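All chains should be modelled from the sequences, with the hints used to inform the complete structure.
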Amino acid sequence: MLRLQLGNILNRRDFLRLSLGTVFGASLTSCTEKPKSSQKNQLNIYSWADYLHPDTIPEFERRYGIHVVYDTFASNEALLAKLQAGATAYDIIVPTSYMIKQLRKLNKLSVLDHDRLSNFKNIMPRFVNPKFDPHLEHSIPYTWGTTGIAFNTAAVEKFDWPTNTDIFWNKKYAHRMTLLDDARETIGMSLKKSGHSFNTVDEPTISQAVADLVVQKPLTMCYTSDQVIVQLASGDSWLSLVYSGDAYQAQRENKDVKYVIPENGTSIWLDNLCIPTSAPHVENAYKWINFMLEPKVAAATASYTRYATPNQLAFELLPKDVTQDRNLYPAAKVMAQCEELGDIGSGIFIYDRMWTELKCS
Amino acid sequence: MAVMNTVIKKNGLTGTAWDKGQLILLPAGLWLVVFMVLPLLILLVYSLGSRDDLGQIVLGFNFENYLRFFSGPYLKSLMRSLMLASFTTAICLFLGTLFSMWLAFSVPKAKQNFFMTLMVAPLWTSFLLRIYAWMTILRPTGLLTETLHALGWQNPPVLLYTPWAVLLGMVYNYLPFMVLPLYASLEKLDVRLLEAAADLGATPWRSFLRVTLPLSSKGMVAGSIMVFVPALGDYVTPDLLGGAKTMFIGNLIQNQFLTVRDWAFGSAVSTILIVIVSFAIWLYLKYVEPDAAQAHR
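These protein sequences, in sequence, are chains A and B. Sequential numbering of the first sequence, starting at 1, is according to this note's numbering. Sequential numbering of the second sequence, starting at 1, is according to this note's numbering.
Any given hint could turn out to be false.
What the hints assert, rightly or not - Straight-line C-alpha distance at most 30 angstroms; calculated DSS-like pairs for lysine-lysine:
#1 A:K255 with A:K333
#2 A:K217 with A:K296
#3 A:K193 with B:K76
#4 B:K76 with A:K171
#5 B:K76 with A:K82
#6 A:K172 with A:K258
#7 A:K193 with A:K172
#8 A:K217 with B:K76
#9 A:K131 with A:K121
#10 A:K171 with A:K158
#11 A:K258 with A:K193
#12 A:K82 with A:K131
What the hints assert, rightly or not - Just so you have them, the derived chain B footprint on chain A, three or more residues with Cβ under 8 angstroms:
#13 78-84
#14 102-110
#15 263-275
#16 288-294
Stated by the list, open to error - Just a few of them, taken from the derived set where beta-carbon distance is under 8 angstroms, the chain A residues facing chain B:
#17 D71
#18 S75
#19 I350
Just so you know, these hints were derived from the structure itself, not from any lab. Small disclaimer: the values here were computed from a predicted structure and weren't measured. Where is the CB? At the ideal position from N, CA and C, for every residue including glycine.
The following block contains the structure:
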């Protein structure tokens, strides 16, 4: 009798409707992991993937007896979205400079006590007073790099070897090119190609840049930021818009990959170590920052990730062929043409709308 | 019933059998309220708000987000999603019907479970893993292209990052959801009816149209909804197999929450999607199971 009743309560139709709801809900949610913050001697890092020498964390753990949990994000926007959604367990985050101002306005970054960082003096003088964070009150520069073109020297004909981003409009390499899945970087590339600023908020100018990308779209294999290393290394992609370090990481696996900075300039960015205001292990966070500022550790980071170091003593430890690589440490003349991605406030709405239009075209 | 009530009372439990039924429902009901009803209400409230310059939600009462959706390029992504979900459903329905009919009518009963398990087996591994496996096969330097090349095709087409790859991935992923209810309804079909139809001179096609189809239509509709609804909101498959080149409604929503941080607009788009899905289910209840619609009125 009881069974009969249950049958009435939950008949097939209801079950179907319930499971529909579940399937539908599941398709819209993404899994998020939270590190456990209960353990006392722990350090929770939220950073980019492949952004450390593999030996760095084990050495830190050995020396200080602190357990490190390393969690990754794929974009600054994802980092911000997660912090805004209430993630409080992180002790170290690694935002790009254009995100620092926003994080500060949201009161997410604690003020750093430089006296607790004995290696602070190792930072190159030109990095100690940036516009986005005067006197490094909230951030410590970690690595910097450029966004440029990686190409396969075996697949791209020699007279086509790119010097600027016009190559992405060359039909000969259709379906073997990738652009970044990032509105600011990819629209910015198109803006820069026509001689405009990466940080413009002028709608007709952006609209024209996106119209150029719409023309280019059929030639693109895909828009991706996190699979590009594999695609370059395997030879799937012959021409990619990439972050400098990613190109060099692909080169390590495939000797044919070469990286160039477009001659008409490109975007330049700087990632920083910060301590969120909600950090549960502040003491350990300071230890980590100071550890990362050690010349040997910073040099290991720079030589493994192939991103440029803002650490003077680490720079001096790096081999000559790295520090003299003009595509890693561009000449002053090229640097003068490059631009930092800036905080454009509500201008991001224009980029978002245009990016959606591009994807819908 | 009366006997049961006395039994319960004798054992020290009070209340009628119905009360007990409610009690059994309580955990599930609570679960639904906390994780389904409340979030939906929050979604609705957020969708009427707006975003400030820092990406924080500002509550309000205006329909701007909805107007924005219907006036911008966003409508296109909805149309695209509806088309993709429809194609996926149609192909799954076709393949699923063939498979289920074969399984129910041509395979000995003892072996049916084995094939059904094979059908469901891919679901035991992670959804992402299966997509990545397809990527490895369809890549420009992947298994398929290399094989075709080795067989002498000079410039074999590359499927990855085309709409065809997205469709393939969708059909592959959702086919089991079509087969399960379809097989369930076909399995109960009395094969003697088909034999009778054949005896009375019906061609196989005619007996399919007049016997199999009407008797399995409920399974077909149930399967179609099971495929259509998740296919409509899927954003991972288009992102990975389509190369993020086209924005579907699921991508639009994900983008609003995880990149642009415009929770208000994202909530509005989600609400619109939920309304569309609810409409589909309402249609199902009204036309396919009218008794159910009556009972729930």
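Next on the checklist: Is the interface hint satisfied for S75 of chain A? The criterion is a beta-carbon contact with chain B at less than 8 angstroms.
Outcome noted: Holds. Min distance 7 angstroms.
Next on the checklist: Checking one constraint from the list: CA of K193 of chain A to CA of K172 of chain A, max 30 angstroms. Satisfied?
Outcome noted: holds (19 angstroms)
Next on the checklist: Run the distance test for K172 of chain A versus K258 of chain A: straight-line Cα separation, threshold 30 angstroms.
Outcome noted: Roughly 19 angstroms separates the two Cα atoms, so the pair holds.
Checklist entry - Minimum Cβ distance from I350 of chain A to chain B below 8 angstroms? => result violated (12 angstroms)
Item to check | D71 of chain A as an interface hint toward chain B, with CB separation required under 8 angstroms | outcome: violated (15 angstroms)
Checklist entry - Is K171 of chain A within 30 angstroms of K158 of chain A, Cα to Cα? => result With Cα atoms ~16 angstroms apart, K171 of chain A and K158 of chain A stay inside 30 angstroms; holds.
Next on the checklist: Hint check: K193 of chain A vs K76 of chain B, CA-CA at most 30 angstroms. Holds or violated?
Outcome noted: Between K193 of chain A and K76 of chain B the Cα gap is close to 29 angstroms, so the pair holds against 30 angstroms.
Next on the checklist: Against the 30 angstroms threshold, does the CA-CA distance of K217 of chain A and K296 of chain A hold or violate the hint?
Outcome noted: violated (44 angstroms)
Checklist entry - Are three or more residues of the segment 263-275 of chain A within 8 angstroms, CB to CB, of chain B? => result violated (count 0)
Checklist entry - CA of K258 of chain A to CA of K193 of chain A, is that 30 angstroms or under? => result OK: K258 of chain A and K193 of chain A at ~20 angstroms, within 30 angstroms.
Next on the checklist: Count the residues of the segment 102-110 of chain A whose Cβ falls closer than 8 angstroms to any Cβ of chain B, and tell me whether that reaches three.
Outcome noted: Holds: 3 residues of the segment 102-110 of chain A have a Cβ under 8 angstroms from chain B.
Checklist entry - For the segment 288-294 of chain A, does the count of residues with a C-beta closer than 8 angstroms to a C-beta of chain B reach 3? => result n = 0 at 8 angstroms, threshold three: violated.
Checked against the numbered hints given earlier, this structure breaks hints 2, 15, 16, 17 and 19; the rest are met.
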